[in-house]
Amino acid sequence: MTTANENIDSNKVKSEVFSSNEIRLTGTEWLWAIGICLTILIGLPLLGTAGEDFEPDADYRVPYRLGYDYYHFQRYCQWATNHYEILMIGDSVLWGDYVTPENTLTHYLNEYIGRRQCANLAINGIHPIALAGLIEYYGQDIAGKKVILNFNPLWLSSEEDDLQTEKETRIYHAKLIPQWNFEIACYKESVEKRMEIALERHIPLRQWTNHLQICYFDSMSLPQWSLKHPYQNPLAQITFDLPEPVNKPHSTKILWDPNTSNPSESPWVDLETSLQWQFFRKAVKILQARGNQVFVLVGPFNEHMLTDENKKKYREILDGIENRLRKNEIPYCIPAALPSEYYADASHPLAKGYEILAEQLYNHPPFQALIRAGNSNESK
Amino acid sequence: MLFHTWIFFLFFLIVYSVYLLIRKTRCKNLWLLLASYVFYGWWNPLYLLLIAWSTTVDFLIVRRMAPAGRSKKWLALSIINNLGLLSFFKYGKFFIENINSALSSLSIGYELAMPGILLPVGISFYVFQSMSYTIDFYRGNVERETSFIRYATFVSLFPQLVAGPIERARNLLPQLKNHPKIRLQDFTDGLSLFVVGLFKKVALADYIALYVDKVYGTPGEYESAALLLATFAFGWQIYFDFSGYTDMARGIGRMLGIRLMLNFNNPYLATGLGDFWRRWHISLSTWFRDYVYVSLGGNRKGKIITYRNLILTLLISGLWHGAAWTFLIWGAVHAVGFALTRNLERNEFYQVKIPRLFKQFWVFAFVTLAWIFFRASGWDQAVLILSRIFSFTMTDPQFPLVMLILILLVWAYQFAYESRARQIITLAPVRIGTMVFMILYLAIFATSSNQPFIYFQF
Numbered sequence: 001m002t003t004a005n006e007n008i009d010s011n012k013v014k015s016e017v018f019s020s021n022e023i024r025l026t027g028t029e030w031l032w033a034i035g036i037c038l039t040i041l042i043g044l045p046l047l048g049t050a051g052e053d054f055e056p057d058a059d060y061r062v063p064y065r066l067g068y069d070y071y072h073f074q075r076y077c078q079w080a081t082n083h084y085e086i087l088m089i090g091d092s093v094l095w096g097d098y099v100t101p102e103n104t105l106t107h108y109l110n111e112y113i114g115r116r117q118c119a120n121l122a123i124n125g126i127h128p129i130a131l132a133g134l135i136e137y138y139g140q141d142i143a144g145k146k147v148i149l150n151f152n153p154l155w156l157s158s159e160e161d162d163l164q165t166e167k168e169t170r171i172y173h174a175k176l177i178p179q180w181n182f183e184i185a186c187y188k189e190s191v192e193k194r195m196e197i198a199l200e201r202h203i204p205l206r207q208w209t210n211h212l213q214i215c216y217f218d219s220m221s222l223p224q225w226s227l228k229h230p231y232q233n234p235l236a237q238i239t240f241d242l243p244e245p246v247n248k249p250h251s252t253k254i255l256w257d258p259n260t261s262n263p264s265e266s267p268w269v270d271l272e273t274s275l276q277w278q279f280f281r282k283a284v285k286i287l288q289a290r291g292n293q294v295f296v297l298v299g300p301f302n303e304h305m306l307t308d309e310n311k312k313k314y315r316e317i318l319d320g321i322e323n324r325l326r327k328n329e330i331p332y333c334i335p336a337a338l339p340s341e342y343y344a345d346a347s348h349p350l351a352k353g354y355e356i357l358a359e360q361l362y363n364h365p366p367f368q369a370l371i372r373a374g375n376s377n378e379s380k
Numbered sequence: 381m382l383f384h385t386w387i388f389f390l391f392f393l394i395v396y397s398v399y400l401l402i403r404k405t406r407c408k409n410l411w412l413l414l415a416s417y418v419f420y421g422w423w424n425p426l427y428l429l430l431i432a433w434s435t436t437v438d439f440l441i442v443r444r445m446a447p448a449g450r451s452k453k454w455l456a457l458s459i460i461n462n463l464g465l466l467s468f469f470k471y472g473k474f475f476i477e478n479i480n481s482a483l484s485s486l487s488i489g490y491e492l493a494m495p496g497i498l499l500p501v502g503i504s505f506y507v508f509q510s511m512s513y514t515i516d517f518y519r520g521n522v523e524r525e526t527s528f529i530r531y532a533t534f535v536s537l538f539p540q541l542v543a544g545p546i547e548r549a550r551n552l553l554p555q556l557k558n559h560p561k562i563r564l565q566d567f568t569d570g571l572s573l574f575v576v577g578l579f580k581k582v583a584l585a586d587y588i589a590l591y592v593d594k595v596y597g598t599p600g601e602y603e604s605a606a607l608l609l610a611t612f613a614f615g616w617q618i619y620f621d622f623s624g625y626t627d628m629a630r631g632i633g634r635m636l637g638i639r640l641m642l643n644f645n646n647p648y649l650a651t652g653l654g655d656f657w658r659r660w661h662i663s664l665s666t667w668f669r670d671y672v673y674v675s676l677g678g679n680r681k682g683k684i685i686t687y688r689n690l691i692l693t694l695l696i697s698g699l700w701h702g703a704a705w706t707f708l709i710w711g712a713v714h715a716v717g718f719a720l721t722r723n724l725e726r727n728e729f730y731q732v733k734i735p736r737l738f739k740q741f742w743v744f745a746f747v748t749l750a751w752i753f754f755r756a757s758g759w760d761q762a763v764l765i766l767s768r769i770f771s772f773t774m775t776d777p778q779f780p781l782v783m784l785i786l787i788l789l790v791w792a793y794q795f796a797y798e799s800r801a802r803q804i805i806t807l808a809p810v811r812i813g814t815m816v817f818m819i820l821y822l823a824i825f826a827t828s829s830n831q832p833f834i835y836f837q838f
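Chains A and B are the protein sequences, given in the same order.
Take 1 as the starting number for the first sequence in my numbering and just add one per residue.
Take 381 as the starting number for the second sequence in my numbering and just add one per residue.
Just chain A, same shape as in the assembly (with noise of 0.2 Å):
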C-alpha cells in the first residue's frame, strides 16, 4: 500500500509503462517470430511423420486405444487407398469388436476374393452420425475407390441410441459430428466449444498433437501427464514407436445366450425422422461425389434377441432401406440372419458369424460385380 506522502500521480505514471517485461516485438520482428513458428510448426508434423514407421500387415484395423486420433485414420487412409481396392468403413460391427484381427470380416473376404483386395476402416464406437464427419473432414483421401459402407441398423433400435432424445447423451466421437445441427438435442455443448472444435477440424497441428497425446501421453495432455508421472521426462516420451496394434479382441463379454437370453421389444424409430438415416445418406453423397463406388452392407443384427411381433417391425425398416437404396441405384446386400449362436451381442458377430457373413456377402451377386469392376479412377 502506498502512503499519501507518495503524492505523485501513479496512474500517470503507471500508463506510460509498457509492461514488466521485455518481451514486446516490433513489426519485422513480429514476422520473424510468426515464420519461426510457421516453419516449425508445419514442419513438425512433417517431421513426425517421416518418424514414426507405418507399414500395417494384412489385418490391421485402427487399434483401439487410437480410435480418436483422426490424424492416424487419415495416414492410414492414405495408405489404404494406395494399397488396396476395397475399402470397408463403419462401427465396431466391422472393426470386429469380439474377434482378433484374424476373424473379421475383412480377413474372411479376403480370404474368400483370394487375395488382399480390402481394408478395414472402421473404427470401434463410433456412431453413424459421427462416421460421416469422419469421412467428411479425415477421410478426404478416400477418392476413386471401391467402398463398403456399413448400415448398422442398432442405432435404430430407439431413439437413444438414434440420439434424437433431448436429455444430454454422452456421444462418441462427438468431435466429428456437426456442431451446429440443433436436430441433435442430446448435444449440448457450450458454444464456445462447439466453434473450437469446429475450427480445430481445419487446423492439421491440432490433429497432430492430438496424435501425440494418445500415441505417447496415455490420452491426456502433458499438464495431466506430468501430474501423473512427476519425474519424467516428456520429450522422452516422443518415441516415434506407434503403439503395437493389439491382436485380441476388445470385448470379450458375451451378452447374448441363446439358451437363456429372452427376446425382447425395441422402441425402433422411423426411417423417415432418424438422423442416422440421415448422416448415412450424407456419407453416401460425400463418398459418391469423390468418385467412389459406394457399396452398402445392412447390418449384421440379431434378429433372435427380437419378439415376433417386433421383428416384423424391424423387418419393415429393413425394406425401407432396401427401397431406397434401390431407388438411389446404390448397390447393397442385406444378409440373412446368422445363426443365433454365432451373435456376441445386439449387433457383433463372433468369428463364425464373420465367416458365414463373409460368405454371403461374397456370393451376392452385386458384389461380384463390385469385386470385378474396375476402380473409379481406373474407368474415369
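Do not rely on the hints blindly, as some may be mistaken.
[Claimed, not checked] Pairs of lysine-lysine, BS3-like flavour, derived with a Cα cap of 27 Å:
#1 K327/A / K282/A
#2 K311/A / K352/A
#3 K193/A / K167/A
#4 K193/A / K594/B
#5 K253/A / K352/A
#6 K228/A / K594/B
Since the hints were derived computationally from the structure, they do not count as laboratory data.
All values derive from a computational prediction rather than experimental measurement.
Chain A is already provided as a structure; the job is to place chain B on it using the hints.
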C-alpha cells in the same frame, strides 16, 4: 466471454474490424459500448441491468452535483448506491449466514431466508471504477463528463470490465474523448502483451491449478512437502491467472489505441510488504490508497491513526476479494505484517545492508504463506494446512518437474529483468526466441481450456 476462447477471438475480430473503420467518427464510443455490453451480457444478460443502473445513477449524480457545488449528499448517495449493490449481491449471503449463525449460537430458533442471488461477474471492479468518478469529481480531480455514452463506455469498456485494471476517469475518459491514433507499433505491442497474458493463463495458471486443486481439494491426505509446494504453486497460479488477464486486457486496449495502466510489476521480487503492494494489483492498491486510506486521514493525524488507517485499509481490501472470513484474515495477516515491517522497510540499514535476495525471500515466503488463507475453503482447512506444513513430515510431494521448471524460468526472467542481465533479455533474438517458445508451447502442449479467471469471482 473469456479472452482465451475462440468465441472471443471471433468477437474481437468483428469488433476490431468495425472499430478501425469508425474510430475517427462519433460512433466509436457507441460501438465500444455496444461491444462491451455484448461481452458482458454473454455471461448473463441480466447482469446488464446492474451495470446500466450503476452507470446511470453515477452519471446523473455528478450531473446534479455539478451546479449544486459538489454537494456531499450527492456523493453519499453515489457511495450508498454502489456499496449497496456490492453488499447485496456480493455480501448478502455472507451477512445472512453470519446472522443465522449468531442467532443459532444464542439459541434463538429463527433463521433468515438465504437469498438465491447470483454474484454478477466483475461487480467489484466496475462498481469501484464508477464510484471513483463521483469521488474524483467531488474532490475536483476530474471534470464532469457530459456524454452519457462516453461515460457508460468508461464504466464498461470490455477489455478491463470484469477483472480490471480499475481505471480512473482522468486516465480513461480523455482517451475515449479523443480519436485514437493506432500505429503499427500499438498493434504489435498489444499483440505482444496479449500472447504473454495468454501464456500466463493457459500454459501456466491453468496447469498449476491442476496440482493446487488436487492438494487443496483434500489437504488431509497430504504431508508437509506437498502442502508447501501446493501453496508455493498457488502463489504463482494466482499471479499468472490475474496478471495474465491484465496483460491480455492491456494488449487488447493497446490494439484499440487505449492505454490501460500497469497492474502488476513483478510482485514476487518485492523487498518489503509495502513494496509488494506497490507491485501487486496496483490499480486496486492505489484505489484503496486514494479513496479509503486518504479518506480516513492517511498519515496526517499521527502515528497511531496512521497504523489504524493502514490496518483498516488492508482489512477492507481483504474483504473486497471475497465474502468470507478467510479473506478478512488474509487481509489481517497482511495488515499485521505491513504494520510491523513498515518502519523496518524505511530503515537505512535494511535498505542498504540487508542483501536484496534475502529481503525478496522473506517477503515471498510471507506472501506465500498468507495465500493459504486466501485459497483455503475455510478457517479449519487453513489451520489444518498450516499445522501440516509445520509438522515437517516428508513424503514424496509428486510435484511435476515441468511445472517447477516453468515457474523457475519465469522467476529467473523476472530477476534478470530487474538486474543488469536486463541487457541480455532486451536483445532481439532473446525477445523473439521467448515469444516463439511461448507460441509453440501454447500450440503444441497447452490444452484448450475454458477455465474462468480466479479474479472474476471478486
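message = Just to be careful, I want the Cα atoms of K228/A and K594/B compared with a cutoff of 27 Å; is the pair within it?
response = Holds, at roughly 12 Å.
message = For a C-alpha distance cap of 27 Å, please report whether K311/A and K352/A respect it.
response = holds (23 Å)
key: Proposed proximity, K352/A with K253/A (alpha carbon, max 27 Å)   = holds (17 Å)
request  = Below or equal to 27 Å on CA atoms is what counts here, so check K327/A against K282/A.
outcome  = At roughly 16 Å apart (the allowed maximum being 27 Å), K282/A and K327/A satisfy the hint.
Restraint check for K193/A with K594/B, where alpha carbons must lie at most 27 Å apart = holds (25 Å)
ask   = Do the alpha carbons of K193/A and K167/A lie within 27 Å of each other, as the hint requires?
value = At roughly 19 Å apart (the allowed maximum being 27 Å), K167/A and K193/A satisfy the hint.
The structure shown violates none of the earlier numbered hints.
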